[in-house]
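Engineer: Residue-level listing of the chains:
6 protein chains.
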Amino acid sequence: MPVVTVQMWEGRTSEQKRKLMRALTEAMVEHAGARPEGLHIVLQEIPKENWGSASTLGQADRA
Amino acid sequence: MPVVTVQMWEGRTSEQKRKLMRALTEAMVEHAGARPEGLHIVLQEIPKENWGSASTLGQADRA
Amino acid sequence: MPVVTVQMWEGRTSEQKRKLMRALTEAMVEHAGARPEGLHIVLQEIPKENWGSASTLGQADRA
Amino acid sequence: MPVVTVQMWEGRTSEQKRKLMRALTEAMVEHAGARPEGLHIVLQEIPKENWGSASTLGQADRA
Amino acid sequence: MPVVTVQMWEGRTSEQKRKLMRALTEAMVEHAGARPEGLHIVLQEIPKENWGSASTLGQADRA
Amino acid sequence: MPVVTVQMWEGRTSEQKRKLMRALTEAMVEHAGARPEGLHIVLQEIPKENWGSASTLGQADRA
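Chains as they are written, first to last, in my numbering: chain S, 5 to 67; chain P, 5 to 67; chain Z, 5 to 67; chain D, 5 to 67; chain Y, 5 to 67; chain E, 5 to 67.
Please keep in mind that the hints were generated in silico from the structure rather than gathered at the bench. Errors might be hidden in some of the hints.
One copy or two, it doesn't matter: identical chains are merged, so the pair holds either way.
As the list claims (entries may be wrong) - Straight line, CA to CA, 25 Å or less: simulated SDA-like cross-link-like pairs of lysine to any residue:
1) Lys23 x Pro40
2) Lys52 x Arg22
3) Lys23 x Gln48
4) Lys23 x Leu61
5) Lys52 x Gly37
6) Lys23 x Gly37
7) Lys23 x Ala58
8) Lys52 x His35
9) Lys52 x Glu41
10) Lys23 x Gly42
11) Lys23 x Lys52
12) Lys52 x Arg39
13) Lys52 x Glu14
14) Lys52 x Glu30
What you are looking at is a predicted structure, and each value in this text was computed from that prediction instead of being measured.
Using the sequences and the hints given, assemble the complete structure.
Structural biologist: Laid out in structure tokens, this is it:
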């Protein structure tokens, strides 16, 4: 029944995304007791300019 | 005051999305006591290749 | 297949939440073409002190 | 750099949650090229009465 | 360690988004005790037709 | 009109959370052109055992 939402930079191929979703599904089935037919994985691909962190903003130098 | 976020496959027309948002608003107003002017509905349209479930990944056969 | 996440103040009864989830399901089935068995509604109840808006913070007076 | 948010029913033990987060981390490192030190996993445990689906709401019979 | 997700209408320039992410980072560092290197800001730009509120849907007149 | 959702460890006082929400509001008003009365800030406080990262899971040593 769980829903897994992944926020990540855009840029993976369709094949990489498919493998990632399979691996996340297996982790959820094995460790969270999820039934595969009740599980949803949603990949949200974020453009790099919409993701702020110390490395992309240079905040580490300032704070 | 509530915020309703919908994750769904892309592919609805503008008219369908508008009707959907109206219906969700009515449900929130009637059953959650939301005031319409304090309510936000956000539709996140997910490409099919970014949505993993048993049917799209074929996990049901494997797990 | 959609996932609907509702962020709202805590305080509804179990019965109110059940009616709300039914109404949201009906809206999704009718207007988004969702199959009921592939739809998930998640209610996130937020304590009032964790929700900031103009009315609760008094920002409207200041900005 | 990714953020993985899991919405699931409450009820897992601390040990189960720890194993789940390790398995999700490994999936993200292997298949999404995530560096472990830039990855965050967030488990949102949802009370069952706040999760609506066909099986819990009996919508499958009605729609 | 926090993750800040902003849902907003699309339409800001790269420079505006960069300034916004810096300001949000500073607020988190000063008031939430976040270390900049463990903080992530994610901007989700929503097309206007995917955002429903009283003003865009005209619900205020009807409810 | 934006919605800002913050996922962070639990443990801040009411006063700290109030100051944080005010600072985030100011950042949104100044840099995103948000009107205070249309802005919502939601703080999701996550128990530490539900947050996985390299430092809490020790993954950095293993991957």
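Engineer: Hints first: check each against the structure and report whether it holds.
Structural biologist: Right, here's what the structure says about each hint:
{"no.": "1", "hint": "Lys23 x Pro40", "in the structure": "both (15 Å within a copy, 18 Å between copies)"}
{"no.": "2", "hint": "Lys52 x Arg22", "in the structure": "both (21 Å within a copy, 11 Å between copies)"}
{"no.": "3", "hint": "Lys23 x Gln48", "in the structure": "both (15 Å within a copy, 23 Å between copies)"}
{"no.": "4", "hint": "Lys23 x Leu61", "in the structure": "between (31 Å within a copy, 9 Å between copies)"}
{"no.": "5", "hint": "Lys52 x Gly37", "in the structure": "between (34 Å within a copy, 15 Å between copies)"}
{"no.": "6", "hint": "Lys23 x Gly37", "in the structure": "both (20 Å within a copy, 12 Å between copies)"}
{"no.": "7", "hint": "Lys23 x Ala58", "in the structure": "between (29 Å within a copy, 13 Å between copies)"}
{"no.": "8", "hint": "Lys52 x His35", "in the structure": "between (31 Å within a copy, 19 Å between copies)"}
{"no.": "9", "hint": "Lys52 x Glu41", "in the structure": "between (33 Å within a copy, 16 Å between copies)"}
{"no.": "10", "hint": "Lys23 x Gly42", "in the structure": "both (19 Å within a copy, 20 Å between copies)"}
{"no.": "11", "hint": "Lys23 x Lys52", "in the structure": "both (22 Å within a copy, 15 Å between copies)"}
{"no.": "12", "hint": "Lys52 x Arg39", "in the structure": "between (34 Å within a copy, 16 Å between copies)"}
{"no.": "13", "hint": "Lys52 x Glu14", "in the structure": "both (7 Å within a copy, 15 Å between copies)"}
{"no.": "14", "hint": "Lys52 x Glu30", "in the structure": "between (28 Å within a copy, 20 Å between copies)"}
Consistency note: the structure conflicts with none of the earlier hints.
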